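Enquirer: Below are the chains, spelled out letter by letter.
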Amino acid sequence: MAVAHAPHDKSHKPEMLSDTQETELIIGPGHGYDSVTQKIADTVLVRPLSWSWLAMVGTAGMLLGMLLCALTWTFLMGVGVWGINIPVAWAFDIINFVWWIGIGHAGTLISAILLLLHQGWRTSINRFAEAMTLFAVVCAGLYVTSHVGRHQYAYWLFPVPNTMGLWPQFRSPLSWDVFAVSTYGTVSLLFWYVGLIPDLATLRDRATNPLIKRAYAIGSLGWRGSQRHWHRYTALYLILAGISTPLVLSVHSTISFDFAFGLVPGWHSTIFPPYFVAGAVFAGFAFVLILAIPLRAFYNLRDMITMKHLENMAKVMLATGNVVFYGYLMELFLGYFTGNRYESYMTSNRMFGEYGWTYWTLIFCNGIITQTLWIKKLRTNIAWLFFISILVSIGMWFERFVIIVSSLHREFLPSAWAHYNPTFWEIAMYVGSMGLFTTLFMLFVRALPSISIAEMKELVHHEEQHGAH
Amino acid sequence: MEIKQESSIYGIAAEYQTPEALMAAAYRVREAGYLKIDAYTPFPVEGMSQALDIKDKWILILMLLGGFVGVFNGLLLQYWGSVASYPLNIGGRPIISWPQMVVIMFELTILTSALTGVFSMIILNGLPELYHPMFNVPNFDRASQDRFFLCIEHKDKKFNVDEITSLLEKTGALHISQVAR
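Going line by line, the protein sequences match chains A and B. Numbered continuously in this note's numbering, the first sequence closes out at residue 469. Numbered continuously in this note's numbering, the second sequence closes out at residue 181.
If you're looking for bench data, these hints aren't it; they were derived computationally from the structure. The structure displayed is predicted, hence computed values, not measured ones. It cannot be assumed that every hint is accurate.
[To be verified] Now the in silico label distances, taken between C-beta atoms and shown as ranges:
# : chain 1 : residue 1 : chain 2 : residue 2 : range
1 : A       : N340      : B       : G91       : 45 to 55 Å
2 : B       : I54       : A       : I394      : 45 to 55 Å
3 : A       : F75       : B       : K155      : 57 to 67 Å
4 : A       : P48       : B       : G126      : 33 to 43 Å
5 : B       : F72       : A       : Q119      : 53 to 63 Å
6 : A       : A89       : B       : G91       : 18 to 28 Å
7 : A       : N209      : B       : A84       : 54 to 64 Å
[To be verified] Here are some of the chain B residues that sit facing chain A, going by a computed Cβ distance under 7 Å:
#  : residue
8  : Y40
9  : I96
10 : L111
11 : I123
12 : L124
13 : L127
14 : H132
15 : A143
For every residue, glycine included, the Cβ atom is placed at its ideal position computed from N, Cα and C.
Let the hints inform the model, and build the full structure from the sequences given.
Expert: What follows is the structure, encoded as structure tokens:
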């Protein structure tokens, strides 16, 4: 079962693939249907629990506990326990909401847009990227529900018929946001589950423990791989990808409307939708890299998540990062070009005001340091990629900080100016949401195949057919 | 009505090593005039639907209908909420400001279409179906891993155990078995 790509005809065993070798392959040589199945399924079914995994889940679980404490305190005492004030009524809550939901975008981009563009390399990274999306949306959802002033009325966000005859204000972008994010969460879940069905059947057929076997059997709905089923399945998968493509672009555009429809200087801008979408993809790919690099090392998946994948993701990061950087420069230009006193004050305040250091942090993390990805040697250096991805995640967090806090804390009139400092509870909730994400992700890695088995076999089949001549 | 002789049989299944062998066998069985056939593969094999003459278009149609339902629902919901049930006059701006309704209409189009598609796939495929006669086929647990199966079902008009067995033997099957119901 020799895999294609004749120039790389060295016969390595899959495990021998080092990081610098075979940079053009998207699957290690020597893989057949059985080896792919075995490798991915065994990570879930056979591999014993390791101390490092338990330590990771334990740590994440403690952070999750901290999140629950912070949420409970917020629900009991109200959002007054946060450092927000008037005019800075949005701070950590919306920063983190936008940060998490932005991270989610890479998952859908990989699973939907790259599928439509026939990018074969998406295959081994789409499953865990989709899981990442899902868990990121869960984290984002926490902030939406907790940031409302009266938590018991949070359901008013949805158009629930009620005795008061009240409806959400459908003309408000905040209302659109509710629809966009809940649709996004639902469609991501559906897409992810549909992709999982055949793999759950594989796990069912390989599991030896009768209880585990039964659980996977129920999860797989009794999938048997019938061609009549595959026929409808592939049609569904393709159309889902097709409709998820405009969806993923619409979600962050709608989130940008939350700002762009407001009159606050620094928000009221038509550049926001494309700039937000690019930023979301940028942050998302950084996060996929943060997850992929340890995943492939711990579970020895270097032959499935190859250097080619990492390099391609770095390229997407470079491209979207430059779109974002262009957005920053454009904002500077527009701030002065408009001649509007408030806009130009906002622009200089952003750079040299109280929170000026956050602006320079984001410029450095998102605009300057990513330029090193032009160099192939650095783009294919795993440690550097990991480092850059963390910097980008930090930079994108500061981007939202700059947009929200720096713009709000200088209102139109100096009489309304204020300072903002996060309190312990806001920080606890932020760190805690990372605990929630990590807990969910660690459980996912052990309970479900983190690489799509069926799609990997499709890839093997494809490579075999094209390797025949 | 006459009770059929082999009613305890679901069909006859053959196991293949590769998708190509399965595909060739499927064409051969079709040429021999069998219609009630199905293939079982660990991943969707390109061209297999043509080989088995499966032309189902329901997913596309239903998802399109779901999309239409979604877009009209979105319009109706917002019209009801902000025009009929609770009109708010804000600075004399028009009540029926439809451009502001586009985002929610779009989101509901996608949501309804996706939900329709997924549930249609599950229901049209007769899932969840935790028991199926095909699971009785020896080695069938590899149909989700690395083996490829073809089954000629008992309900086929031309169904005849001996004829089918000898036909399948000629297609290079690794193993042929009668499928108990």
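Enquirer: Check each numbered hint against the structure and report the violated ones by number, ascending.
Expert: 1, 5, 9, 11
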